[in-house]
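A.B. asks: Sequence:
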Amino acid sequence: MASDRPVVAGPGPVEAPPGRSAGSTAPTRVRSQARPATADGRAAAGRVAAAVPAVLVCGLTASAALVPLAVVGSFRPWFGLPLVAVVAGVLLWLWRPDRPVAPDADAPRWFLPAALLVAALAAAPGLVFTNAHAVVDRDPGIYVTTATHVRSQGDLVVAPPAGPFGAVPGVIERTPAQPPLGDGVRGFQGLHLLPVQAGALGWLGGDALMLRVAPLLAGCGLLLLMALARRVVGAPLALVVGVALGASLPFAHASRDLYSEWPLFALVMGGLWALDGALADRSPTRAVVAGAALGAATMARIDGLVTVGGLVLVVGLWAVVARGRADGEGGRRARVAVAAAVPAALGWLAGLADGRLRSEAYLDAHLAETLGQAALPAAGLAVVGAVAVLGPDRIRATADRVAGRRRSATPAVRRRDADVPGVAAARDTPPLRPPQIGGDEPPPVAASDPVAGRADGTGDPEVGPGQPRTGAAAADEGTTAGELGPVREPWVAPRAWAVAGGAAVVVLAFLAVVVRPAFPSGAELPPSAITAGLQAAEGEPIDPGRTYAELSGRWLVWYLGAVAVAAAAVGGALLVARWLRGRRVRVEALLAAVVVPPLVLYLARPSIYPDHPWASRRFLPAVLPGVLVAAAWCARWLWDRRGRNDRWAPAGAVAAVVVAGAMVVHPLVVLAPLVRMQHHTDELAMVRDLCDQVPADAALLTVAIPAEGWVPALTSTCDRPVGGVVDPAGPDPATVADLAAAWAAEGRALWLVAPAGSVLTPLRATPQVSVSAEDDLVLRSRLTGRPGATRQGRTVLVAGPVTTPPP
Numbered sequence: 010m011a012s013d014r015p016v017v018a019g020p021g022p023v024e025a026p027p028g029r030s031a032g033s034t035a036p037t038r039v040r041s042q043a044r045p046a047t048a049d050g051r052a053a054a055g056r057v058a059a060a061v062p063a064v065l066v067c068g069l070t071a072s073a074a075l076v077p078l079a080v081v082g083s084f085r086p087w088f089g090l091p092l093v094a095v096v097a098g099v100l101l102w103l104w105r106p107d108r109p110v111a112p113d114a115d116a117p118r119w120f121l122p123a124a125l126l127v128a129a130l131a132a133a134p135g136l137v138f139t140n141a142h143a144v145v146d147r148d149p150g151i152y153v154t155t156a157t158h159v160r161s162q163g164d165l166v167v168a169p170p171a172g173p174f175g176a177v178p179g180v181i182e183r184t185p186a187q188p189p190l191g192d193g194v195r196g197f198q199g200l201h202l203l204p205v206q207a208g209a210l211g212w213l214g215g216d217a218l219m220l221r222v223a224p225l226l227a228g229c230g231l232l233l234l235m236a237l238a239r240r241v242v243g244a245p246l247a248l249v250v251g252v253a254l255g256a257s258l259p260f261a262h263a264s265r266d267l268y269s270e271w272p273l274f275a276l277v278m279g280g281l282w283a284l285d286g287a288l289a290d291r292s293p294t295r296a297v298v299a300g301a302a303l304g305a306a307t308m309a310r311i312d313g314l315v316t317v318g319g320l321v322l323v324v325g326l327w328a329v330v331a332r333g334r335a336d337g338e339g340g341r342r343a344r345v346a347v348a349a350a351v352p353a354a355l356g357w358l359a360g361l362a363d364g365r366l367r368s369e370a371y372l373d374a375h376l377a378e379t380l381g382q383a384a385l386p387a388a389g390l391a392v393v394g395a396v397a398v399l400g401p402d403r404i405r406a407t408a409d410r411v412a413g414r415r416r417s418a419t420p421a422v423r424r425r426d427a428d429v430p431g432v433a434a435a436r437d438t439p440p441l442r443p444p445q446i447g448g449d450e451p452p453p454v455a456a457s458d459p460v461a462g463r464a465d466g467t468g469d470p471e472v473g474p475g476q477p478r479t480g481a482a483a484a485d486e487g488t489t490a491g492e493l494g495p496v497r498e499p500w501v502a503p504r505a506w507a508v509a510g511g512a513a514v515v516v517l518a519f520l521a522v523v524v525r526p527a528f529p530s531g532a533e534l535p536p537s538a539i540t541a542g543l544q545a546a547e548g549e550p551i552d553p554g555r556t557y558a559e560l561s562g563r564w565l566v567w568y569l570g571a572v573a574v575a576a577a578a579v580g581g582a583l584l585v586a587r588w589l590r591g592r593r594v595r596v597e598a599l600l601a602a603v604v605v606p607p608l609v610l611y612l613a614r615p616s617i618y619p620d621h622p623w624a625s626r627r628f629l630p631a632v633l634p635g636v637l638v639a640a641a642w643c644a645r646w647l648w649d650r651r652g653r654n655d656r657w658a659p660a661g662a663v664a665a666v667v668v669a670g671a672m673v674v675h676p677l678v679v680l681a682p683l684v685r686m687q688h689h690t691d692e693l694a695m696v697r698d699l700c701d702q703v704p705a706d707a708a709l710l711t712v713a714i715p716a717e718g719w720v721p722a723l724t725s726t727c728d729r730p731v732g733g734v735v736d737p738a739g740p741d742p743a744t745v746a747d748l749a750a751a752w753a754a755e756g757r758a759l760w761l762v763a764p765a766g767s768v769l770t771p772l773r774a775t776p777q778v779s780v781s782a783e784d785d786l787v788l789r790s791r792l793t794g795r796p797g798a799t800r801q802g803r804t805v806l807v808a809g810p811v812t813t814p815p816p
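Read left to right, the sequence shown gives residues 10 to 816 (my numbering).
Mixed in with the good hints there might be a few duds.
As the list claims (entries may be wrong) - For each label pair, taking beta carbons as the anchor points, the in silico distance ranges come out as:
1) G670 - V605: 24 to 30 Å
2) V666 - G98: 42 to 48 Å
3) G797 - G214: 29 to 35 Å
4) L358 - A168: 46 to 52 Å
5) A694 - R108: 42 to 48 Å
6) V524 - G172: 57 to 63 Å
It should be emphasised that the hints constitute simulated quantities derived from the structure, not laboratory data.
Because the structure is a prediction, the values reported are computed rather than measured.
We treat Cβ as the ideally placed atom computed from N, Cα and C, and that holds for glycine.
Go ahead and model the full structure; you've got the sequences and the hints to work with.
C.D. replies: Structure (structure tokens):
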């Protein structure tokens, strides 16, 4: 495995330092002797750049410890907050943030402040224009209702209803968002990591902070994504990735409401960042932190295993290919892999236990999907087991024969580098055998050496055209700079057709997505009134169960732009070709493991109602970040060609600037007129206001408003008996009178809750309370195009007691 620790420069310095002849081939530290202050500054920057993400990862992972408290009914601040602090402290102790992570040793000092600024600016609109989604019409309403309940009651259980409502046909007291748990007890739909995170913030800052959990998680996840992307594409393009994602409409829209994609996004990006560092350092303790973060990610959504399950294959192969090495490398890798796998598996099992105990009906409804996801890590384990049994050398030899690779004792020197001092000599050290997820360890040197770059392919930012490529820059071309001593592996050169074939697979997949809209899909989901209404408005054939899955590729173009998506396809092909040529791709392989499975699955079968921007949430946790990183890789490849002595070098630099600019400009142009969009504004405050004005001995009955949405909202907030009339036309006066008399016999007054108007009067109710919430800029949903128009909305509710006739 290629070390991410800094390594010495390659043989043959450009300028000999004092006391050494110009022709010497001994290892030197030219820049470290000339600029010790810069070396110290970059080392300090690397430590800080590693410490801040480490604190975020440990804190986010520790918040998952709140889920078991909520499951057992002990979700209280005096238990929860100390528990989170203790778990976070243990994780930080395991991570040791005072020790820099090897992949971050070359982080420029300006990167962390710039990344913090980008993350803050991306999260700011969500913090200002926060939705207060109280009515349970879609998932955010469910999560707000759950968070409100668990924060006040300390558990995830809704007690059985009691009173006359249950005896009246057409009146409901519970909804499908509260699945039954047996004996009349109800739970809350879905897994519960996000609601307990929101509830914990509610302890600290009330509703205002509870509702802002989404932009806070989004900002943390974006910062961790940029820290990870820096290791792949370098610091400048990592910021481009952050700006492009933070300015995209799906990010901006979802960060204003409670979506379970946000803890998944933040924990996956943080887990990948930590896992890459743990693999680079061969640190089992850091692998425990990474595995815990990835396991916590699966506690956010039932489909979380689709995102992280592919890591089993990558990490398993990384560990098993080193078996049998005399230097003990195989044992070190195995310990790291096991240390990551155990907490990750425990986290997944904890998520399943949460779903089984507190959302059993919901989990059963998605049981086939949940078990199907387990096939991904199971297949990875099978492949790893086969490699372990057959032996990596035998498999590699077979792959060499199939791919037509040939072996040579010495590598070729590229013509453009043949006359550059030091490069030809450095190329005498052969690159490692392809394809690989890393390579052998070069001799380590002091971490403060600024010349020493990284061996995973991120370059030394101070190496310019015409200079010898050392450290990471050399590794990007397939060499291990500073590797001295005898040749350990022969060079393996793949046939051109093998490399081209691997890249062509990516290009053909991209072309298949491009032509797919010519083959429309049929109905795949239960009928949706929202879909039917939008189809009528847009002149589409009425098919309420249709998902428009054939347009899933266009969804990416709507939000990221055609240039970025095309560049991502090229970047993906380049990365595959790079791997087949034998370049080190550990961090790229880790990122691909979490991007490719959901990308393939959700492009083929999104399994979500197709109104936008609602459907775009499928791409938030991994697909959009992965596409942008691949596009940035394409831009980096084009930019690196500027140092070549050919006619296309200037054009490559211009193309790189165009790609990077398009990645940023398109999302900004789309978002600019919609930056103030907001829906369900102050809705939770409106419900609380209604509850505060209704007497404590009241029983509430909703009429002429969607009962399935308003009953759980009022139940979790008002702490009073609540029922809802399912028929939109409302109940007949006789039924209301009978209910009023029945509640009066139990010492409660029946209050009706209805929209403003004359609904209450025929039911012998007098309006005494009026509450309202206004929406200025509600984004209009679309089916076959990118949403861009807004509308205004206003919700007014009135409530009043029913006057019972005298006996």
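A.B. asks: That 57 to 63 Å hint for V524 and G172 (C-beta), does it hold up?
C.D. replies: holds, 59 Å
A.B. asks: In this structure, is the beta-carbon distance linking V666 and G98 contained in 42 to 48 Å?
C.D. replies: Cβ of V666 to Cβ of G98: about 45 Å, so the range 42 to 48 Å holds.
A.B. asks: For the pair L358 and A168, does the Cβ-Cβ distance stay inside 46 to 52 Å?
C.D. replies: 28 Å Cβ-Cβ, so the 46 to 52 Å window is violated.
A.B. asks: Check the following: the C-beta atoms of G797 and G214 are separated by a distance inside 29 to 35 Å.
C.D. replies: holds, 34 Å
A.B. asks: Could one say that the CB atoms of A694 and R108 fall in the range 42 to 48 Å?
C.D. replies: 47 Å Cβ-Cβ, so the 42 to 48 Å window holds.
A.B. asks: Please test the hint of 24 to 30 Å on the beta carbon pair from G670 and V605.
C.D. replies: With a Cβ separation near 27 Å, G670 and V605 satisfy 24 to 30 Å, so the hint holds.
In terms of the numbered hints stated before, the structure departs from hint 4 and from no other.
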